[in-house]
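Number of protein chains: 4
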Amino acid sequence: MQAFVYLGPGKKALQEHAKPEITSPGDAIVKITKTTICGTDLHILKGDVPSCQPGRILGHEGVGVIDAVGSAVTAFKVGDKVLISCISACGKCAYCRKLMYSHCTTGGWILGNTIDGTQAEYVRIPHADNSLYPIPAGADEEALTMLSDILPTGFECGVLNGKVQPGCTVAIVGSGPIGLAALLTAQFYSPAEIIMIDLDDNRLAVARRFGATSTVNSADGKAAAAVMKMTEGRGVDTAIEAVGVAATFELCAQIVAPGGTIANIGVHGTKVDLHLENLWDRNISITTRLVDTVSTPMLLNTVRSHKIDAKLLITHRFKLAQILEAYETFGHAAESRALKIIIEA
Amino acid sequence: MQAFVYLGPGKKALQEHAKPEITSPGDAIVKITKTTICGTDLHILKGDVPSCQPGRILGHEGVGVIDAVGSAVTAFKVGDKVLISCISACGKCAYCRKLMYSHCTTGGWILGNTIDGTQAEYVRIPHADNSLYPIPAGADEEALTMLSDILPTGFECGVLNGKVQPGCTVAIVGSGPIGLAALLTAQFYSPAEIIMIDLDDNRLAVARRFGATSTVNSADGKAAAAVMKMTEGRGVDTAIEAVGVAATFELCAQIVAPGGTIANIGVHGTKVDLHLENLWDRNISITTRLVDTVSTPMLLNTVRSHKIDAKLLITHRFKLAQILEAYETFGHAAESRALKIIIEA
Amino acid sequence: MQAFVYLGPGKKALQEHAKPEITSPGDAIVKITKTTICGTDLHILKGDVPSCQPGRILGHEGVGVIDAVGSAVTAFKVGDKVLISCISACGKCAYCRKLMYSHCTTGGWILGNTIDGTQAEYVRIPHADNSLYPIPAGADEEALTMLSDILPTGFECGVLNGKVQPGCTVAIVGSGPIGLAALLTAQFYSPAEIIMIDLDDNRLAVARRFGATSTVNSADGKAAAAVMKMTEGRGVDTAIEAVGVAATFELCAQIVAPGGTIANIGVHGTKVDLHLENLWDRNISITTRLVDTVSTPMLLNTVRSHKIDAKLLITHRFKLAQILEAYETFGHAAESRALKIIIEA
Amino acid sequence: MQAFVYLGPGKKALQEHAKPEITSPGDAIVKITKTTICGTDLHILKGDVPSCQPGRILGHEGVGVIDAVGSAVTAFKVGDKVLISCISACGKCAYCRKLMYSHCTTGGWILGNTIDGTQAEYVRIPHADNSLYPIPAGADEEALTMLSDILPTGFECGVLNGKVQPGCTVAIVGSGPIGLAALLTAQFYSPAEIIMIDLDDNRLAVARRFGATSTVNSADGKAAAAVMKMTEGRGVDTAIEAVGVAATFELCAQIVAPGGTIANIGVHGTKVDLHLENLWDRNISITTRLVDTVSTPMLLNTVRSHKIDAKLLITHRFKLAQILEAYETFGHAAESRALKIIIEA
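Residue numbers (the numbering used here), protein chains in the order written: chain Z, 1 to 345; chain R, 1 to 345; chain L, 1 to 345; chain V, 1 to 345.
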């Protein structure tokens, strides 16, 4: 089969690869129909993710059709259409029993990381019963591809952890795909204000189209002052960090109101300064989270009932044969204005 | 009347002072019967608390008897025995209506800070109806003095924010009075293990007597490794920071388990390093809080029903006339082994 | 002044009445600009509410302008535009400190019940600081009149108690004003389905216009079967009882899914059958509540930010001089299709 | 093997039976070392549980040793000592993913009900990975037998659902084994008062020994008045129903304070009267629950750390050969004063 393979820092190829096989009774083999590229894939290609070694097929998102199942799989049969979760969950370990699938002792984020992933014609999914979801008849497969990772990540790490509530004020720092996923799912809770902050006016324009009530371009270094003015000096109830660098985290800490929450979604590579000398008496919470995808069934309901238009995030479409071009487009998002790219296998 | 007055950095005196008077319809004047000294008072004396200016009577803890009430006070009358909360709350502002009394727009921590405090024969208590509590008949007044600040602080900022639950594992970093208050109140929730960490073996011995299931002397710089070993590599569900310096916060970050909470009680004077490069995917929470004293009615119930022995914290007793000596004793706790000191007015 | 007075079962009049005066330092006198009629007022007129005695001015909803304030009132001054809460709260008692304003020991639902109410030119509001809300500049006063009672009641007793969540399935039994208030505010949480159940097709048509995703006319006695079919045999996550009779409560009990909640809003006059032989192992919750109006600040935010169109509930408008006609219209809602009626004072 | 078999209403026998075999890849066969009898077993013997048909081996509690495992079992191997949960959970279905194991679509309470149970030398456990728990080295097996059903039932259905909190007031109606299990586990949360109510003075004496702060014999029909007097007219924060008849449920409804919770543990055979005409405005919750055994890992921690003495519940011990005598003893608890009976296989 054809598969997109990481070959070491800066090296990659679409190449022929053996089709995966069932290796454990809980496995399923899924024939991929659609997959997509995540910002994390770009990090892997740079060599920033040591757990992912050369030779690995990338990709942890997608939808497909069951091609084969192991003897212990009970929820799926050959021919079923399925949504693939970016997180594999055994459903049995101490973390899974606390609904922290991200920390599953034999799962978590392994697809396209420590085992071969979805940017290929077929993929092996361990713990299939807890890591795949049936696709309802008539559902839009492109929309559902957004439920493998980006929407549950924005929702769980940003919106749920950030305790977004009706009538509250939210700021989201970072208007890339993940910040926009938080923006879309924050609206499930009808906050009064959602302030979107980014350096790129194009992205802020997208954010306004997606429901942001106001936007701040932080290029002038005065975003904190702008947000405090917008909130009449109170700050925001929820500050969602969707970039992953020190400056954006520290901006969140400057604008969070007493009693508020900083919900970190960003993947951080270095430490940040936490100004406890200012924050120790402010009654705030700071949260971190790798997505657990426990909200996937709920998100499926909201997509099916049109409470969210997940396809808004999709800007480009390519065939698997064109995946190198797709990576180029996604990797130069400032110019291409790419958000999420559908790859048809 | 006699009052203990802060006279500028390093300067203090017990001196004659005018008796306070009702200045607002919600005020009460309380004749102090017992008060105590807080670590914060030592900070003020060093000049570390700019909001507290020279000439201020210190003290934000104590019990006493109502001497006079303003026209709007309905809950108390002259002669009632009362517990004084360290936090004054109007009960009306947006923060009070969210039970964040610490951020009351006309209250919060003002006693012995921006208005005269309790280390005197009399004190004026603004917003008396929401800032005083009736003392049940037959209650032990010394025990109740521990409910002005230290027990609600340990409980709300450490135990409640730290989400201590039956069967969980707790570490408390800092075995001074506030860490011990967290230790005592953590036991309301029957955690399986409470690991107490400090540099001082005497304090750790006290902690064991107060219910710690194990102790770690962190003087060798290997406390994190010791805690990880004790927890078989998992870390702790709740790490309570009860010191207020960078090293102890960072220790908490090293020992918190995935899904756990770092509850900060300590008063911090400088920033700390937050290693988000390690923590971003660990599903943890970090909380800060100035005590709201919303748990005071509940704590009164637990004292009255002997679920906690608040008097364990009391090591020394002085008369108001001896308050300089009391401060000496409290300020040299390593030698005196002082925890909380009762001052009888 | 003119006031609408209950004169005993079946008797009522618009008559001249002494203007109210400040009787306690926490009181305010409000000049009414708009008020409205509640279903409870009809119950009082029938003699069903023994706490409300003849001679009482009715009404517990409205907006107005501060005419006078007592000496302890700090949040309002003469001339301020205010929203009147149906619940008076001292902010000091044990219940108020738990945010259960409905059970305030010197407040709760007293307006137009045990003290004179708002269907008059002026009204005395006790505990004004905690029982009035400032009206933001430019706000629509008619819309805000819906925040005195009906919207917080539908929201707190139905939606919050019912734990409505994104993607869930809700049934609301009763499509009168209070059921519709629950319907409007349930949408803050983006449930996937809201099934509205009533005997009156006109009311169900209104419900569809207000956002119900499906409706069931229960006249044929087969509503439970219809809901179970709609939910593929699962039942609903939240069943909101908005009528107050045994049959509608028991319908809720038949359609609630395992793990679900029955949130009772209705005012009940008799006992109901609770079929614990069917429900004991179903992991359900049943809640009751008199509105606390603790959500009023949040609801003000949602009205201001256009997350809800509160005016949808208003169908008729009258002058205070026409209040008898207004009661006729409201009392014959099946024919008049009245929901809420604005009365201009 | 020897097994205790239900043979139809009033008929039972210890008889020879085929040893169970693995029938599904997720199964385990457990050699029973200790089991016990539940009140539900008595109901089955009377013919009150239609799902349990003649020929069934009874018993849903016990500890043992793994004798064989199916090909999909990963958490256990032959020779492991295990605790058997009364609830079987697949870990995969929609209910298991919400931690409602009691409603598992292929599990729930099936042991000794719809499949053969534990009152035998061997038992087949479906979904073994999620339905068994490893027994820590050195643990007391008799104590752990109390964790199969009675302690998680008292804790989850009574204490957790009842929201027992430090300093609160609890009443438990019914001082049989299940009420006592609630009493023991309620103390995890340090309530100020636990009032135990029963008709039998012997059982109330046991309750006082187990930690009840006061007791009421309800034989005179005046228990509600007694509780209201004890609570100075307020009622209790949590009322736990641990009998399962109308009178005890209605007693709970009479004594619950505004804002309180009635947590139903009892198995009910008929409807009860719910006096919504009194309760609609009291802000109460009523909960029902079949135990999910999601608290088992936590309870194991509390037993291991000696936060609870589970063996207090054990009053008698028999060999499997004596099981008919054991049933006699358990079935005449008033005379035998039996609580839980250990049966050694």
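These are computed hints drawn from the structure, not numbers from a lab.
There may be inaccurate statements among the hints.
For identical chains, the list gives no copy identity; a pair is met inside one copy or between any two copies.
[Claimed, not checked] As a list, the in silico DSS-like pairs of lysine-lysine whose alpha-carbon atoms are at most 27 Å apart:
#, residue 1, residue 2
1, 307, 163
2, 19, 77
3, 311, 31
4, 319, 98
5, 307, 229
6, 81, 163
7, 271, 163
8, 163, 98
9, 229, 98
10, 81, 12
11, 229, 81
12, 222, 46
13, 77, 34
14, 271, 81
Identify every previously stated hint that the structure contradicts and give their numbers, smallest first. The structure breaks hints 4, 6, 10, 12 and 14; every other hint is satisfied.
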